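Each residue of the sequence shown is one higher than the one before, starting from 1481 at the first, in my numbering.
Just so you know, the hints here were simulated from the structure itself, not pulled from any lab data. Only a predicted model underlies this, so the values are computations on that prediction, with no experimental measurement involved. From the three backbone atoms N, C-alpha and C, an ideal C-beta is built for every residue, glycine too. Mixed in with the good hints there might be a few duds.
Here are the computed distance ranges between Cβ atoms for each label pair [unchecked claim]:
1. ALA1650 to ALA1699: 22 to 30 angstroms
2. LEU1717 to PRO1551: 49 to 57 angstroms
3. ARG1761 to GLU1646: 21 to 29 angstroms
4. GLU1700 to THR1764: 16 to 24 angstroms
5. VAL1724 to ASP1685: 43 to 51 angstroms
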Amino acid sequence: MHEKHDSQSANRLVLLTGATGYVGARLLRALVERGERIRCLARRPEMLAGRVGAGSESVAGDVLDPSSLKPALEGVHTAYYLIHSMGSTDKFEEADRRGAQNFANAAAAAGVQRIVYLGGLGDSEQPLSPHLRSRHEVGQILRASGVQVIEFRASIVIGSGSLSFEMVRALVERLPVMISPRWVSVQSQPIAISDLLQYLVEALDVEVDDSPIYEIGGAERVSYGGLMREYAQQRGLRRLIIPVPVLTPRLSSLWLGLVTPLYARIGRKLVDSIQHPTVVRDRTAEQVFGVQPLG
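Using the sequences and the hints, build the whole thing.
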């Protein structure tokens, strides 16, 4: 990652939401190592004890509680928005919508200069799953605030601990023979967590006009079935994947829940999204940022 930044940017205050999540925790570490001044917004700040660097802080707050956002955003130059409600037991689309609107209003009122948002790939001109549709809607809400937004749209994140990767790992490790639904053949464009973090860090200093949307991914397109076969090969496991056309999204989510308890709640939402191709169609990001995507 690029380590150099000018003295003016070194004095800025960066707000990080989602710092206890998979991507956020790793981004926090990268920003601390870079010497950024960071304020983390978390519902339980005590979970971040020991992770923030000198001159940085953690504050209690929730995007669904507008009153908590004003003090959190005071004096902030750039804010990372890494929040989604897919794990919520309530209607996650409504929660995402309210959270994004609250954050957008508070960021504009506080004079925030830039919001960096991580969303999801998917062709907005085609029918999308509720999850992907919500990811795009959040970006629209943030842009409507008038604050400059850099939106990254990514597919599967490859790295130990990511939801998609852990699903692949659990399925391959536990099932010698997989009776798999059609969605395992849908194309995606996975991105390595290291590449994703480099994009997010470089977004602090990159000079852009308006509020661009960047589609980001690795060097190759692959299906979930392809990922499963590759993981099995790397682990030296013999696995047989038998696709069948009869597993509906609901049955697929139950199948995932049985094999991977982690997905009992969010399985169906994730499967709904997997049914849609998530590939990079616009490679502008590779021209703007210094990332050389891994295969």
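Compare the structure with the hints numbered earlier in the document and write down the numbers of the violated ones, lowest to highest. Violated hints: none at all, because every hint is consistent with the structure.
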